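Protein sequences, first through last, are from chains V and Z. Per our numbering, the first sequence starts with residue 1, numbered consecutively. Per our numbering, the second sequence starts with residue 1, numbered consecutively.
Read the hints as simulated data drawn from the structure, not as lab findings. Small disclaimer: the values here were computed from a predicted structure and weren't measured. Accuracy of the hints is not assured; some may be wrong.
Mimicking EDC-like on lysine to aspartate or glutamate, the simulated pairs with C-alpha atoms at most 16 angstroms apart in a straight line are [as the list claims (entries may be wrong)]:
1. Z:Lys95 with V:Glu167
2. V:Lys95 with Z:Glu9
3. V:Lys310 with Z:Asp53
4. Z:Lys17 with Z:Glu333
5. Z:Lys171 with Z:Glu51
6. Z:Lys95 with V:Glu50
7. Z:Lys17 with Z:Asp331
8. Z:Lys28 with V:Asp97
9. Z:Lys23 with Z:Glu6
10. V:Lys311 with V:Glu373
11. Z:Lys192 with Z:Glu420
12. V:Lys79 with Z:Glu93
13. V:Lys227 with V:Glu164
14. Z:Lys310 with V:Glu164
15. Z:Lys79 with V:Glu93
16. V:Lys310 with Z:Asp331
17. V:Lys389 with V:Glu294
18. Z:Lys127 with Z:Glu9
19. Z:Lys310 with V:Asp53
20. V:Lys192 with V:Glu161
Below, a sample of chain Z positions facing chain V; criterion: calculated Cβ distance under 8 angstroms [as the list claims (entries may be wrong)]:
21. Leu64
22. Gln68
23. Glu84
24. Ile113
Beta carbons: idealized from backbone N, C-alpha and C, even for Gly.
There are 2 protein chains.
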Amino acid sequence: MRTPDEFNEWYQDIVEKAGLADKRYPIKGMNVWTGYGWKAMRLIDNYFREEFDGTGHDEVCFPLLIPQNEFQKEADHIKGFGAEVYWVTHAGENKLDIPLLLRPTSETAMYPIFHLWVRSHADLPLKTYQIVNVFRYETKQTRAFIRMREIHFFEAHTCHEDFEDAEAQIKENLDIMARLARRLCLPYVVCKRPDWDKFAGAFYTIGIDSLMPTGRTLQMGSIHQYKDNFSKPYDITYEDENGAHIHVHQTTYGMSERILGALISIHNDERGIILPPDIAPIQIVIVPIISKTEPEAVMARCGELVDVLKKSGYRVHLDLRDLRPGNKFYDWELRGVPLRIELGARDMKANIITLARRDTGERVQIGNDAMLEGISENMKAIQANIFAKAELIMRNSIHNVDDLKKVQPGINVMGWCGGEDCGHSIEQATEMSVLGEPVGVTHSATKCIVCGTSTEKSIYVARTY
Amino acid sequence: MRTPDEFNEWYQDIVEKAGLADKRYPIKGMNVWTGYGWKAMRLIDNYFREEFDGTGHDEVCFPLLIPQNEFQKEADHIKGFGAEVYWVTHAGENKLDIPLLLRPTSETAMYPIFHLWVRSHADLPLKTYQIVNVFRYETKQTRAFIRMREIHFFEAHTCHEDFEDAEAQIKENLDIMARLARRLCLPYVVCKRPDWDKFAGAFYTIGIDSLMPTGRTLQMGSIHQYKDNFSKPYDITYEDENGAHIHVHQTTYGMSERILGALISIHNDERGIILPPDIAPIQIVIVPIISKTEPEAVMARCGELVDVLKKSGYRVHLDLRDLRPGNKFYDWELRGVPLRIELGARDMKANIITLARRDTGERVQIGNDAMLEGISENMKAIQANIFAKAELIMRNSIHNVDDLKKVQPGINVMGWCGGEDCGHSIEQATEMSVLGEPVGVTHSATKCIVCGTSTEKSIYVARTY
Numbered sequence: 001m002r003t004p005d006e007f008n009e010w011y012q013d014i015v016e017k018a019g020l021a022d023k024r025y026p027i028k029g030m031n032v033w034t035g036y037g038w039k040a041m042r043l044i045d046n047y048f049r050e051e052f053d054g055t056g057h058d059e060v061c062f063p064l065l066i067p068q069n070e071f072q073k074e075a076d077h078i079k080g081f082g083a084e085v086y087w088v089t090h091a092g093e094n095k096l097d098i099p100l101l102l103r104p105t106s107e108t109a110m111y112p113i114f115h116l117w118v119r120s121h122a123d124l125p126l127k128t129y130q131i132v133n134v135f136r137y138e139t140k141q142t143r144a145f146i147r148m149r150e151i152h153f154f155e156a157h158t159c160h161e162d163f164e165d166a167e168a169q170i171k172e173n174l175d176i177m178a179r180l181a182r183r184l185c186l187p188y189v190v191c192k193r194p195d196w197d198k199f200a201g202a203f204y205t206i207g208i209d210s211l212m213p214t215g216r217t218l219q220m221g222s223i224h225q226y227k228d229n230f231s232k233p234y235d236i237t238y239e240d241e242n243g244a245h246i247h248v249h250q251t252t253y254g255m256s257e258r259i260l261g262a263l264i265s266i267h268n269d270e271r272g273i274i275l276p277p278d279i280a281p282i283q284i285v286i287v288p289i290i291s292k293t294e295p296e297a298v299m300a301r302c303g304e305l306v307d308v309l310k311k312s313g314y315r316v317h318l319d320l321r322d323l324r325p326g327n328k329f330y331d332w333e334l335r336g337v338p339l340r341i342e343l344g345a346r347d348m349k350a351n352i353i354t355l356a357r358r359d360t361g362e363r364v365q366i367g368n369d370a371m372l373e374g375i376s377e378n379m380k381a382i383q384a385n386i387f388a389k390a391e392l393i394m395r396n397s398i399h400n401v402d403d404l405k406k407v408q409p410g411i412n413v414m415g416w417c418g419g420e421d422c423g424h425s426i427e428q429a430t431e432m433s434v435l436g437e438p439v440g441v442t443h444s445a446t447k448c449i450v451c452g453t454s455t456e457k458s459i460y461v462a463r464t465y
Numbered sequence: 001m002r003t004p005d006e007f008n009e010w011y012q013d014i015v016e017k018a019g020l021a022d023k024r025y026p027i028k029g030m031n032v033w034t035g036y037g038w039k040a041m042r043l044i045d046n047y048f049r050e051e052f053d054g055t056g057h058d059e060v061c062f063p064l065l066i067p068q069n070e071f072q073k074e075a076d077h078i079k080g081f082g083a084e085v086y087w088v089t090h091a092g093e094n095k096l097d098i099p100l101l102l103r104p105t106s107e108t109a110m111y112p113i114f115h116l117w118v119r120s121h122a123d124l125p126l127k128t129y130q131i132v133n134v135f136r137y138e139t140k141q142t143r144a145f146i147r148m149r150e151i152h153f154f155e156a157h158t159c160h161e162d163f164e165d166a167e168a169q170i171k172e173n174l175d176i177m178a179r180l181a182r183r184l185c186l187p188y189v190v191c192k193r194p195d196w197d198k199f200a201g202a203f204y205t206i207g208i209d210s211l212m213p214t215g216r217t218l219q220m221g222s223i224h225q226y227k228d229n230f231s232k233p234y235d236i237t238y239e240d241e242n243g244a245h246i247h248v249h250q251t252t253y254g255m256s257e258r259i260l261g262a263l264i265s266i267h268n269d270e271r272g273i274i275l276p277p278d279i280a281p282i283q284i285v286i287v288p289i290i291s292k293t294e295p296e297a298v299m300a301r302c303g304e305l306v307d308v309l310k311k312s313g314y315r316v317h318l319d320l321r322d323l324r325p326g327n328k329f330y331d332w333e334l335r336g337v338p339l340r341i342e343l344g345a346r347d348m349k350a351n352i353i354t355l356a357r358r359d360t361g362e363r364v365q366i367g368n369d370a371m372l373e374g375i376s377e378n379m380k381a382i383q384a385n386i387f388a389k390a391e392l393i394m395r396n397s398i399h400n401v402d403d404l405k406k407v408q409p410g411i412n413v414m415g416w417c418g419g420e421d422c423g424h425s426i427e428q429a430t431e432m433s434v435l436g437e438p439v440g441v442t443h444s445a446t447k448c449i450v451c452g453t454s455t456e457k458s459i460y461v462a463r464t465y
């Protein structure tokens, strides 16, 4: 186990060593997505698309720039984001009449248009999403994928007839998250954030947090119930049967490149990262073991293997570099390729392939006739194993505490009366944050850890990124 | 045939009517991509990816913002783009020390990093591309997909050992364009632009132009040979066998949402647009013809059809709106869906479906057992037919002229001595632009149309967008 400091150093290092991002771009907090990292991110994006297309959302793309006057319509929202926005003040030689800002999130870009799109009952629910980059002038220390100033971002925005229909959307979003997490092998907890930590302008906010090896939680996503907080200033209404204009209720669902940051942080060992098969840009690497005799036969067989595996839908790479096999193993283990096939003259004679699993390091030999079945089974086993391992670690890091002096790294569960003062006292005493009330699980408390008031309500408390 | 004015009005109108973009966003030249248009664009993007991945390019993603000092390293490049860039001068409450600009194109974002990526011979060729939005403060009249201030952009950037290797890349790019054009049903001409019209910083520029119904050409893409014009100011070098540091030779290949603008402009009729099957977000729409008897049976059969067609890989939509079939036909014809299936009780009894082709308006009946074959054949026929039709129109719009007073709408071919003065004279006399010398086709001239000097060189001259 790495200490938090060791982990942080390892993380900063592996991002570049594994070829996920290049941090040398001459603006702080803005990295270059290199081929391998971008491919992984795009595979994650495709699962977002699959889920949101499959639940009737329409993918759209709104402009990056937002006029200052549109941005300023919802007061809390400006308070929340005002200090973080980048301002475009000039174009060519001209000073702009109205300054434009780079979207920190797209409510204020979309909602003036939703005002035009929603006219009647028949236009609802309006379910849209987009995958774009957003910009936030972070003042804290930046960290690849986790705290950036240009952020690869997913955002779903919906409009509904009433509060209940918006609530049903939030349920759908939680189901989507559950399916995504299984695919991405990412355990998480869901909490309703306390009022003082909700999204700027939201009625309430649900945070989706993963637990990092430092014992801190990372917010990977958030789901917001806006009620009519935005539809009022942006005048998004529909006409009901009686001709009255009713303000819609809205929800949003945001996720980002933090998902990739969480994946790398959670799935790794001393040799490097371990990518879940579903998002690995290379799922299988083939390393030829060239002997002095029959090198051509081995190469020909490797070529055949690539074709067969590609046809079966795998992302395969044949490593033909002029390096010793051991060096190649080292490289691909560092970069997290789930399965490696080693193939030499001896394997060919025995009609087998040798398969090495990245997660366990196990090497197994499979007869050629059972190869595809064997690969498919091993892929599934890797996916299941790394998810189960990560889930166990998280479960073991959730501690019930009845004394604020006894909080530990990880997630601390305690009783809370619901009072904001007691909440702040918890945060001050523990130097941690209140993640909020867990959603979908019950941890019955008996009394508030601060004031002792009798309560069944419990909250999660943790250090956060 | 629409007059140019009628065409322009029709175009501005159809973009919104067909649901491709919403032009009501409150910043001039920045539109909202609505679901249907964005899906078409993403399908086009996927063909870009297929081609560039297939030729060994790596997809990357560089930051949007570029520091002023990096931008200013290549003098001609600044001259070309300086007047068009958006400047970020503030973040939050702070004035930035170094102003940042929104990329108008990514040379000056990428090349400081290419300086780090290219060290030796083994790093070459470096072949990368990205699909991002770029920003240009256009002062001319804006037009959806054709002249925008936020532009959905494709850019490939490569580094090579020497000029010849960069030239080979340009050949590969032209082959890629030929394959893309067949897929997208887009005839085009390729010209080496005259020196006064090359890309800011390029050694030479090849323009890829389509011909619009207004008789003007539209530059859909461009390929640039940079030689070492950028590698010198950005110090991108590799070490050769003798330890000498050699500047790389570079190329770029740019395309944009103009491809979609060209598609809509070229493939349409009085009923609306006609989308080539490969980029149609909906390839087949099913319209149930509900009679008073047996409505359930028809609906059940329609549901079955959707499943079968989806399984065969088609993008299918079942139109269940409470509208008369004729209204539905009108809608989907306007939006360019290539094939429509009409299905009623009579068809069911006869074990057939009725298929309507968008390009010809033909309706054919196909037996259920030959349905998939019939659909596949009709799709191919549509693709071939609209491409052939567009090619014929373009071929017939290329005119040889030997008198500057006789130029016509479309592309005019004439002899040119190669002198810049004569080139400008041609442009002044015709109020057209010199597209340049055609690449890959020969139109032997005998003398320069201006000065009469004997020459075999001919050029294309046209009005442009």
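Structure-based check of each hint:
1. Z:Lys95 with V:Glu167: violated (42 angstroms)
2. V:Lys95 with Z:Glu9: violated (32 angstroms)
3. V:Lys310 with Z:Asp53: holds (15 angstroms)
4. Z:Lys17 with Z:Glu333: Since the Cα atoms of Lys17 of chain Z and Glu333 of chain Z sit roughly 11 angstroms apart, the hinted pair holds (cutoff 16 angstroms).
5. Z:Lys171 with Z:Glu51: Between Lys171 of chain Z and Glu51 of chain Z the Cα gap is close to 14 angstroms, so the pair holds against 16 angstroms.
6. Z:Lys95 with V:Glu50: Given pair Lys95 of chain Z, Glu50 of chain V is violated - Cα atoms ~42 angstroms apart, limit 16 angstroms.
7. Z:Lys17 with Z:Asp331: holds (9 angstroms)
8. Z:Lys28 with V:Asp97: holds (13 angstroms)
9. Z:Lys23 with Z:Glu6: violated (19 angstroms)
10. V:Lys311 with V:Glu373: holds (14 angstroms)
11. Z:Lys192 with Z:Glu420: Satisfied, since the Cα-Cα distance of roughly 14 angstroms is no more than 16 angstroms.
12. V:Lys79 with Z:Glu93: holds (13 angstroms)
13. V:Lys227 with V:Glu164: holds (10 angstroms)
14. Z:Lys310 with V:Glu164: It is violated: about 33 angstroms lies between the C-alpha atoms, which goes past 16 angstroms.
15. Z:Lys79 with V:Glu93: holds (13 angstroms)
16. V:Lys310 with Z:Asp331: violated (41 angstroms)
17. V:Lys389 with V:Glu294: Violated, at roughly 42 angstroms.
18. Z:Lys127 with Z:Glu9: violated (41 angstroms)
19. Z:Lys310 with V:Asp53: holds (15 angstroms)
20. V:Lys192 with V:Glu161: violated (23 angstroms)
21. Leu64: holds (6 angstroms)
22. Gln68: violated (11 angstroms)
23. Glu84: Hint holds; Glu84 of chain Z Cβ to chain V Cβ min 6 angstroms, cut 8 angstroms.
24. Ile113: Nearest chain V Cβ about 6 angstroms off; hint holds.
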